[in-house]
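Given these sequences and hints, build the entire structure.
In the numbering used here, the protein residues as written are 1 to 200.
Treat the hints loosely; a few may be bogus.
Straight-line C-alpha distance at most 25 Å; calculated DSS-like pairs for lysine-lysine [stated by the list, open to error]:
(1) K55 x K188
(2) K136 x K55
(3) K136 x K188
With beta-carbon atoms standing in for the labels, derived distance ranges [stated by the list, open to error]:
(4) Q47 x Q84: 50 to 60 Å
(5) L62 x L85: 29 to 39 Å
(6) Y68 x R151: 18 to 28 Å
(7) Q47 x V94: 24 to 34 Å
(8) A76 x L165: 20 to 30 Å
(9) I103 x E143: 24 to 34 Å
(10) G49 x L85: 46 to 56 Å
(11) A76 x L112: 17 to 27 Å
(12) E95 x E142: 45 to 55 Å
(13) E142 x V80: 40 to 50 Å
Simulated from the structure, these hints should not be mistaken for laboratory data.
Just so it is clear, the structure is predicted and the values come from calculations on it, not from any experiment.
Glycine included, C-beta positions come from ideal geometry on N, C-alpha and C.
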Amino acid sequence: MTDQYRSQWPDASPANTQSYYAQQPPNLGHSPQSGYPEPGNLITPPQAGYASWNKRVRARLLDQFPTYLGLVVFCAGYVVLIIQLASSGSNPHVEAAAVVMIIGVGVMLAGLGWTAYNRWMIAGRTGQSFGKRSTKIILIGEETNAPIGARNAFIRDLVHILDALTVVGYLWPRWDERKQTLADQIMKTIVINQAADLRS
Numbered sequence: 001m002t003d004q005y006r007s008q009w010p011d012a013s014p015a016n017t018q019s020y021y022a023q024q025p026p027n028l029g030h031s032p033q034s035g036y037p038e039p040g041n042l043i044t045p046p047q048a049g050y051a052s053w054n055k056r057v058r059a060r061l062l063d064q065f066p067t068y069l070g071l072v073v074f075c076a077g078y079v080v081l082i083i084q085l086a087s088s089g090s091n092p093h094v095e096a097a098a099v100v101m102i103i104g105v106g107v108m109l110a111g112l113g114w115t116a117y118n119r120w121m122i123a124g125r126t127g128q129s130f131g132k133r134s135t136k137i138i139l140i141g142e143e144t145n146a147p148i149g150a151r152n153a154f155i156r157d158l159v160h161i162l163d164a165l166t167v168v169g170y171l172w173p174r175w176d177e178r179k180q181t182l183a184d185q186i187m188k189t190i191v192i193n194q195a196a197d198l199r200s
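Here it is in structure tokens:
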């Protein structure tokens, strides 16, 4: 080690150098110009903690509310239709039930548009959909600690079909160490609590 280097770094012993690098912030896998939050705004999972199952369920219900509402309206119209067909004999009056079902389908289609914007575009870019922002949780890549992008957010929701089919997939975060669903494990994503100082 030269005298000039010693003058600039008087404590540059191997131990001190190792300590210096240990204090540096982790590389989050993207640049500040990428459109994602600044690196300092995301807290790594061991510090922020993994999002609880209850928080994730609340976020999902908020995100999918338009779709669920449309489904309820459609099912109500369908039940009325069946009742009218069964009780009206050869001349059923099904117009009102059909209108209710059409309204339900319309609301579900609007809910699909909302899902594309909210869960894929916005959550893919920032890590937070409306539901996640409301419950103060963030979706990030397990290896990058950064938002996963719209494409991966869309694929992740498709893989969530596996969670729905198995049922246990959605329950998996209740006992999993990293509180991941099966879709999270396949897509290598995690959902963490929002840090107190995270700026939108």
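Evaluation of the provided hints:
no., hint, result
1, K55 x K188, "20 Å, holds"
2, K136 x K55, "8 Å, holds"
3, K136 x K188, "21 Å, holds"
4, Q47 x Q84: 50 to 60 Å, "59 Å, holds"
5, L62 x L85: 29 to 39 Å, "36 Å, holds"
6, Y68 x R151: 18 to 28 Å, "25 Å, holds"
7, Q47 x V94: 24 to 34 Å, "59 Å, violated"
8, A76 x L165: 20 to 30 Å, "26 Å, holds"
9, I103 x E143: 24 to 34 Å, "44 Å, violated"
10, G49 x L85: 46 to 56 Å, "53 Å, holds"
11, A76 x L112: 17 to 27 Å, "20 Å, holds"
12, E95 x E142: 45 to 55 Å, "52 Å, holds"
13, E142 x V80: 40 to 50 Å, "47 Å, holds"
Comparing the model with each earlier hint shows violations of hints 7, 9; every other hint is respected.
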